[in-house]
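8 protein chains.
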Amino acid sequence: MNDELTSLLTELRAGRLEVPEVAARLNSERTAATGDAHVDLDRERRCGFPEVVYAEGKTSRAIVEIFERQIEHGQDCLATRVSAEQADLLQRRFPESIHNETARTVRIDVTSREQRGRVAVVTAGTSDRPVAEEALETLRWMRCGCELIVDVGVAGPHRLPEHLDRLRGVDVVVVAAGMEGALPSVVGGWVDSPVIAVPTSVGYGAALGGLAALLGMLNSCASNVAVVNIDAGFKAGYLAGLIAQRGSS
Amino acid sequence: MNDELTSLLTELRAGRLEVPEVAARLNSERTAATGDAHVDLDRERRCGFPEVVYAEGKTSRAIVEIFERQIEHGQDCLATRVSAEQADLLQRRFPESIHNETARTVRIDVTSREQRGRVAVVTAGTSDRPVAEEALETLRWMRCGCELIVDVGVAGPHRLPEHLDRLRGVDVVVVAAGMEGALPSVVGGWVDSPVIAVPTSVGYGAALGGLAALLGMLNSCASNVAVVNIDAGFKAGYLAGLIAQRGSS
Amino acid sequence: MNDELTSLLTELRAGRLEVPEVAARLNSERTAATGDAHVDLDRERRCGFPEVVYAEGKTSRAIVEIFERQIEHGQDCLATRVSAEQADLLQRRFPESIHNETARTVRIDVTSREQRGRVAVVTAGTSDRPVAEEALETLRWMRCGCELIVDVGVAGPHRLPEHLDRLRGVDVVVVAAGMEGALPSVVGGWVDSPVIAVPTSVGYGAALGGLAALLGMLNSCASNVAVVNIDAGFKAGYLAGLIAQRGSS
Amino acid sequence: MNDELTSLLTELRAGRLEVPEVAARLNSERTAATGDAHVDLDRERRCGFPEVVYAEGKTSRAIVEIFERQIEHGQDCLATRVSAEQADLLQRRFPESIHNETARTVRIDVTSREQRGRVAVVTAGTSDRPVAEEALETLRWMRCGCELIVDVGVAGPHRLPEHLDRLRGVDVVVVAAGMEGALPSVVGGWVDSPVIAVPTSVGYGAALGGLAALLGMLNSCASNVAVVNIDAGFKAGYLAGLIAQRGSS
Amino acid sequence: MNDELTSLLTELRAGRLEVPEVAARLNSERTAATGDAHVDLDRERRCGFPEVVYAEGKTSRAIVEIFERQIEHGQDCLATRVSAEQADLLQRRFPESIHNETARTVRIDVTSREQRGRVAVVTAGTSDRPVAEEALETLRWMRCGCELIVDVGVAGPHRLPEHLDRLRGVDVVVVAAGMEGALPSVVGGWVDSPVIAVPTSVGYGAALGGLAALLGMLNSCASNVAVVNIDAGFKAGYLAGLIAQRGSS
Amino acid sequence: MNDELTSLLTELRAGRLEVPEVAARLNSERTAATGDAHVDLDRERRCGFPEVVYAEGKTSRAIVEIFERQIEHGQDCLATRVSAEQADLLQRRFPESIHNETARTVRIDVTSREQRGRVAVVTAGTSDRPVAEEALETLRWMRCGCELIVDVGVAGPHRLPEHLDRLRGVDVVVVAAGMEGALPSVVGGWVDSPVIAVPTSVGYGAALGGLAALLGMLNSCASNVAVVNIDAGFKAGYLAGLIAQRGSS
Amino acid sequence: MNDELTSLLTELRAGRLEVPEVAARLNSERTAATGDAHVDLDRERRCGFPEVVYAEGKTSRAIVEIFERQIEHGQDCLATRVSAEQADLLQRRFPESIHNETARTVRIDVTSREQRGRVAVVTAGTSDRPVAEEALETLRWMRCGCELIVDVGVAGPHRLPEHLDRLRGVDVVVVAAGMEGALPSVVGGWVDSPVIAVPTSVGYGAALGGLAALLGMLNSCASNVAVVNIDAGFKAGYLAGLIAQRGSS
Amino acid sequence: MNDELTSLLTELRAGRLEVPEVAARLNSERTAATGDAHVDLDRERRCGFPEVVYAEGKTSRAIVEIFERQIEHGQDCLATRVSAEQADLLQRRFPESIHNETARTVRIDVTSREQRGRVAVVTAGTSDRPVAEEALETLRWMRCGCELIVDVGVAGPHRLPEHLDRLRGVDVVVVAAGMEGALPSVVGGWVDSPVIAVPTSVGYGAALGGLAALLGMLNSCASNVAVVNIDAGFKAGYLAGLIAQRGSS
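In order, the protein sequences belong to chains A, B, C, D, E, F, G and H. Per the numbering used here, the very first residue in the first sequence carries number 1; after that it's consecutive. Per the numbering used here, the very first residue in the second sequence carries number 1; after that it's consecutive. Per the numbering used here, the very first residue in the third sequence carries number 1; after that it's consecutive. Per the numbering used here, the very first residue in the fourth sequence carries number 1; after that it's consecutive. Per the numbering used here, the very first residue in the fifth sequence carries number 1; after that it's consecutive. Per the numbering used here, the very first residue in the sixth sequence carries number 1; after that it's consecutive. Per the numbering used here, the very first residue in the seventh sequence carries number 1; after that it's consecutive. Per the numbering used here, the very first residue in the eighth sequence carries number 1; after that it's consecutive.
Honestly, the hints are just simulated from the structure, not real lab data. None of the hints are false.
Derived, one-sided and incomplete: chain C residues facing chain E with beta-carbon distance under 10 Å: (1) S127; (2) V150; (3) V152; (4) A207.
Model, not experiment: these values are computed from the prediction. All residues carry an ideal CB built from backbone N, CA and C; glycine is no exception.
Just chain A, with the same shape it has in the complex (with noise of 0.2 Å):
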């Protein structure tokens, strides 16, 4: 930031930039304004991948038009929570998208970045598919290679370790349970990489829409398991892409 402003203000001052050029560098064209929102365009710039469109009462036109912007920007577009109406129409004006109707996610690939990185995506039951699946999208968006092991319960503890190997050979787990949340620890106990643990909403009664696998998670005795929002498949796909990116060449 200081050698930034230094450079900057070193050449102002040699003249070799005027004070609006500069004043506009500094607080400049980082962020486009559509008419409902305004999309951080900076965002790759200082957090490594472009701003994420969560769907979720935003209008189709908006997302359209965030859309647009980034694509003009040459930067990936990922959108999250969209509605089946939202989708369609998505398709219709950007023909070259990919809808993924369990994760509900709409994705542009616009840039043509190579692979990086390894992500295993765990479910303990079926009913946890959709947020794995946010999750994959997500990993896809950042390029970041990824594969699924569903229906791995710790009511049945013979089915995890069956998959040991492949859990052993990623950079990073993510593990999405719902009921008490166990299988993050249990998986935590196995392997040597970080796991992200995002709990769902599955169960009924005490399981209080997810918030007894969250304090389940939160209290994990394996040292490994680190923890994001009920059903946050993205955040845990983000945060896991992130990490198995930076492990890898």
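Got chain A; can you put chains B, C, D, E, F, G and H on it based on the hints?
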């Protein structure tokens, strides 16, 4: 009930019993009033085991009086949540009593019932020990066979399988665990006996004094897991003993 | 486990089995992958009863596939939380299946095990009926004797004593109650068998969707009361059956 | 109010009262400022009974001053949640005062009102005693007849019926219970008088400091059960006394 | 109880009654089994008023059967939480029944008891009306005098004093309020009668479906405020009627 | 109050007013009873602004009557949480009314008060817009200057500084944010005016319907942040307007 | 911001300032590092008042160093939540400091700003005094006029009106109340100024450490009530002072 | 796993290993039983780092024994939540151990692994220091480079940017914050590395012992924020180290 009632009434009708006698037998001597409390001396007849004294908030004198009354009626004695002071006084008054410091219990074996049934008490970590000990003392008071398996929490997943033979050889498994409370689900998936899960208040922060473990256990994906109150070693032991003794001859 | 392991290894050492065969037997055919899910076909061997299908969030096709696989392996089938549509399809595909609308279950008796054990299922009010029915269907699937006693809530305190003989004649009592969840405590005080308490989401306002009943049951002053999740009729029935069948010959 | 207002204004209009006098009477001497606090001396006129001092967080001096002011105005005095030190000082200053250690109350009978009404205070267990005693002291201060029935919790279901005659002979029943708080429902089903339920903080774990009992009582299936705050023996006694004295002549 | 018991037994002893007759009288006709439910026909004898039907989750046919049974036994009928469809059917079957749409109640006056007691039902805002109406209908069914005072919430502090004369003229005040639930405290400070506070689920956000009002009322600094469940208009009315009718002759 | 009282009484004493007149003025015309509700017409005199209609749960007819009564008394009208149907009817009856669909408000400018004060309403994301609009409409009804700054959530930290000049130029800042509710703290650290934080129910899972944001805002480390209820755009706007208009001349 | 930036850059461009100087001014001396902490010396410029020291968890030496640094920069000093030991040391080091024991504050008036604005601080009961005193000390540190009105809780409804003239004469009212937290709503209905409500942790049982009062205040039906954290006397005072000083000249 | 298994079995089949030897290797020496606890000596092989001792609730003797066993096996030692007494004893027994009082840790560097990776640990305020120190000690035990940045909470928004260069130069950022927990979101918006957020129990009232910060962090609008338990400095450090060391070579 009806049988008992009908037979008493028949006796009365036949003149073999008198009214006050029948009224007395119907409303009678099933409670012993001590200074501070009423002992339910009928409990053993109704429920199979005598009343157990919860020592917290009771004077030592009150506990002594209850024990005396129970001994008079030939009932085994057990007090839980006994403070050091209470234990001292009880041991002086009843030298034959057995004090378990970790469990915080005092018990007196009055009858010479023979041992029946077999229960394994399992802990996730060393801090769950006091709760496990309370369960064990309760089982000893019931004359139920019992054994302790410690420190097999899920973060060390190879530790539990080493004990599977023992776990499969008992009538009931009691599992005490704090933090995320995942162990009962894992145990439940390996055995064909009922699992009594007792959450402990071990942990900090989002453990919420045992609530996280409690919720986890209630939402267990294993079908054979029933739950008791947080730190309720006594109740876990009692239920396990009740079930184990039914299941054995 | 060790026995099994040692014997397999001994066979291998002796040349009576080959490496791939042993590896296969150790990691083998215990899970059947269907389109959407993995059935734990080993569950019956480990836990005494086959896996039960939780229908919520599963496609009808997935349930059909699981049932087919279980029937192939000679396992009794049970699905809970079945929607009307799912039930329709299952009944068309398996005309021998039994659909209980109130319980929302479908089951198929594949084996001809004989009935063992005896459980009473008790409700506090008429609204607790669906949960009680789920418990009853589970018990029928287990071939455990069962009977239903309805509407004996504590506000009509003379109603319960009328049934004491029946309650005292069974191996386990399941009590389903909403609102304040007081009935298990009262039942627990009258019987010498274990009581499985299942809180229901019956009630409004401070009933908090069954949490009030759940907390009440966890704090029961009766020593023989274990608790399962809110509305968890299946789990209550399963535990009761497991215990009852141990206790009978 | 309007009557009082109209009559005051009529007096004024007629010249029988002067402006400052009427203004004073309308805004007047109903509060006595002591060093630390303002005593509501008008409370008895408005609400039937004088203000009661909640001692927690007050200096002993402040309580003495309030009592002095109340005695000057011929009002009976009651302080609740009195510490040992406060009680000492109050007893030295007011030798006629009555200190109940279990209830943690100090009261002074200033008036010689005669006793009216009859309330039974019932406890589930011995640990509920302090709350029951606070209710009893409040009733004594109100000069309401009262009696105590202890240790009739639902786990010993034969204990309550022994007292039904007494319970049916009073105007109001106060029931103090912790843990699952089931006793008020059971009592409510046997009597035709109002039941004031007071949850106590007795219990541990999922008792949540009395919240479980509170929720249980609020959801009571008995129609005649009203609830007050956790451990609020004073309020339970006050309400019971108010109702009982209305109902008697 | 003992009296009744002794007298029955004396009759038996004297040969004026036979064993089966006494046994029948002791266990007898106090419950009427309908298709779906058991009506507690003994409720009126024990508690002063007949059982009230909570319609939610019951079939219309079940309610009709209960009403028929109650009418046979000369008991007044009241059903609460009645849906439009249920009300329709009940009105067709019992043309003399009274349906209150706002209160969601249906009642039938079978007896010709005379009116006794007087209760004021007060609401903080217009949205609290349905709860207040349920209380009023309950009071009418009890033949207790009642009146409604609406919209006197504390934000308009001059509105309540206008009604003080009416509030001071009744035996009990019921106060229904949502949001912060402050009105019962304010009313409680002005009157010398018991106040039954009923929190309503009116409000949003941190109102938490009535929990904020419930907690506020439980913590009321006015001594004469007792609380019932959220939206429990029936229970508030029932308790108020019970108290009011005791207090009047 | 006393002044008003004294002066009224002086007039009375002097014979310039008569008793009924004074009594009427003291208790008088401050409330207008409509069919369903009582309008607090005195609100403007006491609190500076007329009563605002919370439309949820009210009939359209009731709102119309209240507006008519307010217009008769020369008061500006505002209704919040207006449904589409209610808005339709209000617009037909009052063609001069202004309906804001996003804000769900209808208002009528009756007076011609001039604009005073200046408030900035800031949102973290686009989904917070409806709450912000409700605040803006309230400010317009108060004739307070206002401007909207959208989509400056903390994940794009360069976006807020662009608006600092505008934020520093107003009297009060309203900040609407969901999820973690961090924006008010950040804004609070940049400005010297009060910040009214309004949590929104935007988010999922552990957002708990706005509770997470609410707790975050209450714990703000910035000293100048006050909080209102979840989604309470009206209250945020009202408070901001009240403060802004005091601070300007 | 931009102005400041542009002007700095213009100076630089014109050669009137050098690069290091501008960089220094942009990143400069706004934070003073002490041994343990960083003091935000720029706070006064940005927010109008200097940083306030929250003493809990800080060493006395750290507070002394922060005060010294602030005094060097001519800033008034305030520390809250000061323990007796900390206060002692601060008073020895800064004899001119003012220690308020009840408020647990220490402050030093360094500047000679003149008093502006007027705030009334109101308490419901005597136990709310410490929170009120913390607010008062904060107001004194801000040089804002303030006065205290104690013990006007809603259970004594005649007490508040006596103070209406005073309440109506100030710019802002702070109301501190525990238990049900009803007082801010009542005050809010009588005044036309903003009300800052501060819930206190006064009460027991269902008061939940101030949560009941907090929820009550957030749901206040009075439009002019904003809320701060439980026991946050400092923040209530700070906000009130900020608003009051804006509104006065 | 399968590879290991197959190779062992192949050795066995070939006669190069004997049955007992293979069985032993499969079930073997991975756990060391001390008096009180079982050390998971296999942890390092499975998970990359040795087991860490949570000292709370353990005897000093038990910790000594575990350390001895770990040293025998050439494993680095770390104990967290160490009391002063425990630390004393450990330091006497292991003079080479390093005790960090603020962090409450004791560690012994047994191996001479070289440093890899770089983590910045950031605190919002001085009170978050102990949690940050626990994270730092964990990182030192892992031989991960680390640095501490204190007191950059969001209320002083200019403080964070001064450290951006350092934050952008590390592999992972750990952020410890209490109160509203907003700092991780702000940091997350500036960096392209993963952020591990650790809520602290710093704050009062509605901070709810760290729950407010926890919820805030879980709902962070920054995509790169993962969360661990309240005050879980160890787990935050561990995860950060695990990630940082993967990402560096």
